[in-house]
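Asker: Chains A and B supply the protein sequences, listed in that same order. If you read the first sequence in my numbering, its first letter stands for residue 6, the second for the next number, and so on. If you read the second sequence in my numbering, its first letter stands for residue 296, the second for the next number, and so on.
For the record, the hints were derived by calculation from the structure and aren't laboratory data. No experiment lies behind these values; they were computed from the predicted model shown. Just so you know, not all the hints are guaranteed correct.
Listed next, with one range per pair, are the computed distances between beta-carbon atoms [stated by the list, open to error]: (1) Pro462(B) to Ala61(A): 55 to 63 Å; (2) Tyr641(B) to Val255(A): 48 to 56 Å; (3) Leu560(B) to Leu244(A): 52 to 60 Å; (4) Ile472(B) to Gly193(A): 48 to 56 Å; (5) Asn429(B) to Ala19(A): 50 to 58 Å.
Ideal placement from N, C-alpha and C gives every residue a C-beta, glycine not left out.
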Amino acid sequence: MNLTVERVTAGYHARSVIFDVDLALGAGETLCLLGPNGSGKTTLFKTILGLIYPTAGRVCVDGEDIRGWPRQRLARTLGYVPQAHTPPFAFRARDVVLMARSVHTGIFSSPGRPDVVIAEQALEQLSILPLADELYTELSGGQRQLVLIARALAQQAPVLVLDEPTANLDFANQMLVLRHIRELAGSGLGILMTTHFPDFAFLCASRVALMKQGRILATNNPHEILTQALLEQTYETPLRVVDAGEGMRVVLPRFH
Amino acid sequence: MTTAQSVAAKEEVRARVMLRPPRSAVRVRLVFAGLWAALVLLTVFSLLYGRYTLPWQAWWQVFTRPADSGMAGIVLLEVRLPRILAALLIGGALAVSGAAFQGLFRNPMASPDILGAYSGAGFGASMGILLGFNILGIQLLGFVGGLAAVMLAWSLAASLSRSGNDPTLTLILVGIIVREAGMALIRLVEYVADPHGKLAAITFWLVGGLSAINRRDLLFVSVPLLVGSALLLLLRWKLNVLSFGEEEAKALGVNPWRIRMVIILCAAVISAAIVSVAGMIMWVGLVIPHLARMMVGANHKALLPASFLVGSCFLLLVDDLARGMFTLEVPLGVLTSLIGVPFFLYLVVHTRMGRT
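In isolation and in its complexed conformation, chain A is listed as follows (with noise of 0.2 Å):
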């Protein structure tokens, strides 16, 4: 399965937001997007899921325009991982998993008992089998998160997208997100997400992409990607880029 974003320009109201935009991602990667607040990457990723089109260019699975699929099809393809979030009514996590299934039963029919079998296998891939029963309300952020991927994972979709899932976590949570996305990478997934983290890129992306003002500055491996000079072109701030031991590299501002 390859997702390929060819020229992509795309944005609202004829204003456009992301300009030129050129990415791959095969089965078995992690393309950790990076980028500061505002620089498109929500627009990528609504242009990416087909919530809204490009003005130029074309995104393809395996080579073909996504673009006026049904959404059932998009919905096989890619699944998707938003910010943990408060709905407004008190769903039980096997519940919220088991809309996942939707992607796979028409309109007026409810998942059956296969699809509770495989919301359960997704829970329990993700260790969190036991939380079942619990409303979502009352679940920890890391917790929501991880009920949310494995919604993603009951659609049994080749890509997951996920939009910044270590967002308002603890330390301890985060790096349990982070472990999951690389066994899920390591299962075959073929994984997109975001982060304000450059460090997450290191312990989980094989691929990184640099974006700025709409636009891919550089996309490489995290070493390549991930220097001194790349990080404060991105950011303009101030920052170095120290080797931590055992091939592992952390960023740290520099203050004056």
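Model the placement of chain B on the given structure of chain A, informed by the hints.
Answerer: Positioned in the frame of chain A, the structure of chain B alone reads:
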């Protein structure tokens, strides 16, 4: 602990959790059993309850030999039965469309009349009375008025919505405008109506009640109510997905636009039909879904059928009160409001509803 042990422990947890039916499912089944029982008991009680009483043998005769049951037959089959069936249907359909609207608009304050169906139907019916139409003409005009108001709100919202706007929020705002315009038009009709004749008829119509329901009214109202409720019940799983918002619903493979239109159309047909035979019965569509949610949880798969049953029981009970509390019948629409308001206050204080 060795790896083998931890795997075995994990398997055990898995087997335990997956084999037993979820706690919530057992509870929901019990609630439904209780609701059906309450519905049957209330229906039997309502058939027997009233100023006209007879020995048991006479009631039995009405069902075995209705042709020569005389007065008892008329009271039971022509007066009480249509009224009971109407209360069950109207209460259930109102509650189901309220629950559907609350899910669709992701708003616990949404009620079925939020897009102007009630005031449009009220305006249509009062115009019918003002123009001296017969009863069928008044009902038809009310029904058409209710549908027209919702269509107006829908098309206005559609022409205003642009990409990036929240379409459901636009719809609510436009709906409130249409609703208030309808209310103003009703006031205008009332103002020009003859105060000694037609004004009283209009007021009596709008205040809402089932005292005048006969078999023909029941037939008029049952088709839209049954079809509308059935469609809403069929869409109840998709409502779960829609309640997560426009973009997530799309990402989960659901086309929100089409489902939203069907839900709004069903609720409009239900509300317009109800106003045209029974006037403006307020609060049932707002309060009952909250009561049902307390019983079976937020999952619309259980919530919609539960809302129907709770709504049926509630309206039947309140209608019994309306006809039996005083020698003069209390208008049903007034009673549902008088009971609904303090109950809603209770919900705000005692549930998570008031919190964000």
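Asker: All hints, please: hold or fail.
Answerer: Consistency of the hints with the structure:
1. Pro462(B) to Ala61(A): 55 to 63 Å: Since proline 462(B) and alanine 61(A) have Cβ atoms about 26 Å apart, the given range 55 to 63 Å is violated.
2. Tyr641(B) to Val255(A): 48 to 56 Å: 55 Å, holds
3. Leu560(B) to Leu244(A): 52 to 60 Å: 56 Å, holds
4. Ile472(B) to Gly193(A): 48 to 56 Å: Once the Cβ atoms are compared, 53 Å apart, the range 48 to 56 Å for glycine 193(A) and isoleucine 472(B) holds.
5. Asn429(B) to Ala19(A): 50 to 58 Å: 55 Å, holds
When the structure is compared with the earlier hints, a violation turns up for hint 1 alone.
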